[in-house]
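Protein chains in written order, with the numbering used here: chain A, 1 to 93; chain B, 94 to 186; chain C, 187 to 279; chain D, 280 to 372.
Calculated directly from the structure, the hints in this document are not laboratory data. The structure presented is a predicted model; accordingly, all values stated were derived computationally and were not measured. Incorrect hints may have been included.
[Stated by the list, open to error] To spell it out: a stretch of chain D is covered by chain C in this simulated footprint if at least three of its residues, at any positions, have a beta carbon under 8 Å from a beta carbon of chain C; those stretches are: (1) 285 to 292; (2) 295 to 309; (3) 314 to 321; (4) 343 to 352; (5) 357 to 365.
[As the list claims (entries may be wrong)] For lysine-lysine, the following BS3-like pairs were computed, each having C-alpha atoms within a straight-line distance of at most 25 Å: (6) B/LYS126 x A/LYS8; (7) A/LYS81 x A/LYS55; (8) D/LYS360 x B/LYS101; (9) D/LYS360 x C/LYS199.
All residues carry an ideal CB built from backbone N, CA and C; glycine is no exception.
Number of protein chains: 4
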Amino acid sequence: MHGYTASKSDYVKRLARIEGQVRGLSRMVDDDKYCIDILTQVSAATKALQSVAVKLLEEHMAHCVAEAVAEGGDSVEIKVKEAADAIARLVRS
Amino acid sequence: MHGYTASKSDYVKRLARIEGQVRGLSRMVDDDKYCIDILTQVSAATKALQSVAVKLLEEHMAHCVAEAVAEGGDSVEIKVKEAADAIARLVRS
Amino acid sequence: MHGYTASKSDYVKRLARIEGQVRGLSRMVDDDKYCIDILTQVSAATKALQSVAVKLLEEHMAHCVAEAVAEGGDSVEIKVKEAADAIARLVRS
Amino acid sequence: MHGYTASKSDYVKRLARIEGQVRGLSRMVDDDKYCIDILTQVSAATKALQSVAVKLLEEHMAHCVAEAVAEGGDSVEIKVKEAADAIARLVRS
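Kindly produce the complete structure, drawing on both the sequences and the hints.
Here you go:
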């Protein structure tokens with residue numbers, strides 16, 4: 001059981017849509033579309049991915065971090081550090 | 094002819110790889126992988142997309158912006174504004 | 187008491203350094219430095235700000251979110267949503 | 280003469296405002312403000328910095344890159360690569 005388990009099918013749907021967006025990018029390159037229009041679609045796909053990531057983090061905090069707090073001990077610090085590192089990677093990507 | 098035309102097959106290959114990364118994300122969710130590991134892969138896919146975007150922009154500047162400069166007139170300002178707007182969208186995504 | 191209270195003087199020091207970086211940017215513009223060199227310093231200041239933000243979020247999760255979990259009730263969901271919104275703003279800025 | 284020379288005083292004003300925002304952040308920490316409110320202000324300062332960067336890039340493309348195109352030779356490729364690297368640093372910060 002993970003934070004995202006309850007909304008698994010929602011994530012799968014969103015990721016399928018992003019996969020389609022990336023396939024669309026490939027088609028745009030192949031069809032010699034204008035670079036700026038391709039860039040607009042790259043930004044849209046990136047935003048969609050980031051938004052999936054923020055949702056995953058939200059459910060992760062609500063479940064896994066909360067669980068760690070309930071358990072107590074070292075696990076809170078470990079889970080929180082792990083989540084902060086994931087946030088840092090997202091912010092920088 | 095666009096800035097990216099000469100390296101079209103390279104872009105198609107890179108985008109196919111990113112499409113595979115996004116499909117992999119879907120599989121990770123489906124296989125109940127740990128959220129933090131999914132987030133690491135989201136960051137990797139986002140970075141790969143951004144890197145395609147920066148390459149597209151580089152070739153766009155080298156060709157389309159350069160062409161506009163050669164043509165002269167208003168087209169330089171228009172092309173440059175258009176590129177700056179695309180950069181702003183990327184930075185914010 | 188906030189998550190960051192224990193390391194308050196560390197934050198004040200980091201922010202003073204960033205303030206100095208921004209003042210340095212102004213001086214670079216005033217001294218007609220090369221645009222690309224100014225941009226490198228803008229990226230450095232942005233990275234330093236983002237890194238302060240990630241640290242604040244880490245301590246916020248470890249204290250405020252943990253406190254909400256201990257209290258129970260609706261407050262966990264509220265705190266987690268609030269943190270996720272802050273992460274979304276950071277990722278997009 | 281740089282791309283930004285004509286709007287130098289505008290940049291100095293914007294950077295002074297950002298410097299004030301960062302000083303405000305320090306005051307918020309000192310006054311024990313709520314972490315999420317501090318994070319909102321960090322995002323605002325980051326956005327303001329990024330927006331200065333995009334403007335600098337726009338004027339850099341319109342002047343320095345255009346100049347390189349006019350000069351011809353290797354300088355176009357060098358200037359464009361340099362600008363693309365600056366964009367990559369911005370996107371990742």
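Results for each hint:
no.	hint	result
1	285 to 292	holds (count 3)
2	295 to 309	holds (count 9)
3	314 to 321	holds (count 6)
4	343 to 352	violated (count 1)
5	357 to 365	holds (count 3)
6	B/LYS126 x A/LYS8	holds, 11 Å
7	A/LYS81 x A/LYS55	holds, 18 Å
8	D/LYS360 x B/LYS101	holds, 19 Å
9	D/LYS360 x C/LYS199	violated, 36 Å
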